[in-house]
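Undergrad: Protein chains in written order, with our numbering: chain D, 11 to 255; chain A, 417 to 828.
The set of hints was computed from the structure by calculation and includes no laboratory data.
Do not take every clue at face value.
Unchecked claim - Heads up, simulated EDC-like pairs for lysine to aspartate or glutamate below, C-alpha to C-alpha not over 20 Å straight-line:
hint, chain 1, residue 1, chain 2, residue 2
1, A, Lys798, A, Asp422
2, A, Lys798, D, Glu87
3, A, Lys460, D, Glu154
4, D, Lys215, D, Glu180
5, D, Lys215, D, Asp186
6, A, Lys798, D, Glu89
7, D, Lys35, D, Asp229
8, D, Lys17, D, Asp222
9, A, Lys446, D, Glu195
10, A, Lys446, D, Glu89
11, D, Lys236, D, Glu180
12, D, Lys215, D, Glu195
13, A, Lys460, D, Asp110
Keep in mind that this is a model prediction, so the values were computed, not measured.
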Amino acid sequence: MSEPVLKCHSISKRFLVGEGVNALKDIRLEVEAGQFMLIAGPSGCGKTTLLNILGGLDRPTHGEVVLNGKRYSQLSENELARLRRHQLGIVFQFFNLLPDLTAAENVALPLRMAGLSPGEVNDRTMELLWEVDMADRATHSPYELSGGQQQRVAIARALANRPAVVLADEPTGNLDSESKEQVMELFSRFNREYGQTFVVVTHDKGFVPYADVTIHMLDGTIVGAKGEARWMQDSGGGTAHDRFL
Amino acid sequence: MIDFFDAISAWARRMFAMIRDPAARERLAKDARLVFPLSVRQLKRSRARSVFLALVVCLAVALHLVASAATRASIESQGAQAEKIWAPAEIILYGPNIIVDGQLRSDLASRLGMRYSDVAVVHEVYTSQGAAMAIGTTFPVPLFAHVGLPSELIEDVRDEDGVGLFPKSWGYKTGDRVWLGYRGDGGWQDVWVKVRGVYEDPDGSFSVPLVARTVFTAGGVAPNGWLGYDRNPYLVQRSVLGRLGREDHLMTQLAGETMLTRMSSRAMGPVRVLMGMGALLAVLGVFNLLLLAFLRRKRQLGTLKALGMESSQIGLLLTLEGAILSGAGLVTGWILGTLAVALAARELETTLEITWGIYVGAALMAALVFAVATWMPVRLAKLASVDQLLHARRVYVNPNPSCTNCGRCGGF
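The shape of chain D in the complex, shown without the other chains (with noise of 0.2 Å):
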């Protein structure tokens, strides 16, 4: 088993709304390089919130998140963005692609901001609207593209840095069903070839079979994983295998 390349120490979350509400209680997880996980659960079960605490869109309220071995707690706010830009991708459920750019442009943002010279960045971006299938659109804008053809430039945008861990939020949760499937083929394909290490969030069961590892969620904690994930919940814990779904 190779080196886990995102880490979860006792992650915890609670919202001030009301009473406060307690999003994730003490999650642990462990991500290896090259691994495609699916995290599963019911709506309100902090699928999201947890996606959120990985990808440093959010602060957890206990516990530490280690991507390559750097600790988030020990980053500013701006040394979190710097993570975002060369170390992981994001695709959205609603693509959150910019409307003012074109898809080519879209998609070369995140070179830009890795400070990659106008001829790098104009190779990568064609390279990647090739990968999704979508250089013939690639001075589209958002507006005139499917959601999923905007779902794959945004596929393309998150790959665009080579980052350890893509993070997806409901990739295919505002597709067609063609549209699924394509996006789902895209992050194996990228999984397998190119050993891209996937996180994706989905109440999609379509992605299962794609996945390495599926872990499900329930009120904010993991209840089971199928496949090769080392997880661990209390003062349990261990390797699950094919111990749900």
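Dock chain A against the given chain D, drawing on the hints supplied.
TA: Here is chain A on its own, set in the frame of chain D:
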């Protein structure tokens, strides 16, 4: 408000540090290259809003130019028509912050047995401490009558060029020094004048010192030791000059012109209020629209942060948008204002001129509009977390870590 000034001060410090640090300059240039296309695209996309914002600034700038040019022309026109009045006077100097009109003027008139309108401000003296007003009698006859000068001598006295009368200085001899007291910031101060002659009453009942009739005339730097330099210089003790300020800073200025400037400025008050209102409306308009734009773009800004854009780069993005709009508004306002002034000058057949100072003033006003209007959206965008932006949650100008997510205490 304190936050605003703190932010401005912190910004100024950062700018100063950056100017001195080549690495920081390079970083800023790199960030600007990254966000500038995004700013331009955003402005193009929200074309109607952008044009409206630039128009608001443009109108405020044009109004500033027109009103300033009109004020300047009015002052110059009245100054050109002014006549220099030479008046014998009991000169009383008043320091800064002394109200000349009103009670003091009334008291002097009453003391001299004159009408209020007979007592007027005739001079203004500038020292390094500020302006000092001099008031005296406009008409000499009541003054002379007051001190009991025989009427047949009045003409003689008036005809003696450069000779006036100080009724309260009984018993002085030629060459004596007579003080003129004035109340400045540091309390009462004395200005000494030299007695050039003594008037002896034919009956021997009284004598009065005769001093220079007109105290201060056309402006300029006073020679060392002298206050006023035209025909009738007053000798002022060096120690007194020392208290007034550096000798070479002691100046006199033509009273009439100064008065006219003040009167014109007062008359142009409503125009200045209009200019202020224009600037205020520009600030409010730009502020509201930029804040609204921020609220509508939370998700977009959140996406940029999620992709790895730093808070300072987000701040620069919004700052550039504000700067582009303000800059466009300023340039078009300059053009519009200049054309309007030229048109008005032609139609009214008068001389209206926009000086460089007026252009610079308009630029400063546009910079103020830009700074005030962009401060809040920039601060909110920089402070907001990715989660707050992506999920359109409230963002607080002064975030309280214990309640940022409760949403009960305002925020944007």
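Undergrad: All the hints need checking, so say for each whether the structure fits it.
TA: Going through the hints against the structure:
1. Lys798(A) to Asp422(A): holds (15 Å)
2. Lys798(A) to Glu87(D): Between Lys798(A) and Glu87(D) the Cα gap is close to 10 Å, so the pair holds against 20 Å.
3. Lys460(A) to Glu154(D): This hinted pair holds, its Cα atoms lying about 18 Å apart.
4. Lys215(D) to Glu180(D): Holds, at about 11 Å.
5. Lys215(D) to Asp186(D): holds (14 Å)
6. Lys798(A) to Glu89(D): holds (14 Å)
7. Lys35(D) to Asp229(D): Judged against 20 Å, a Cα distance of about 8 Å means the pair holds.
8. Lys17(D) to Asp222(D): The hint holds at about 17 Å.
9. Lys446(A) to Glu195(D): Not OK: Lys446(A) and Glu195(D) at ~37 Å, beyond 20 Å, violated.
10. Lys446(A) to Glu89(D): holds (18 Å)
11. Lys236(D) to Glu180(D): holds (19 Å)
12. Lys215(D) to Glu195(D): Answer holds: Lys215(D) to Glu195(D) is near 14 Å, not above 20 Å.
13. Lys460(A) to Asp110(D): holds (9 Å)
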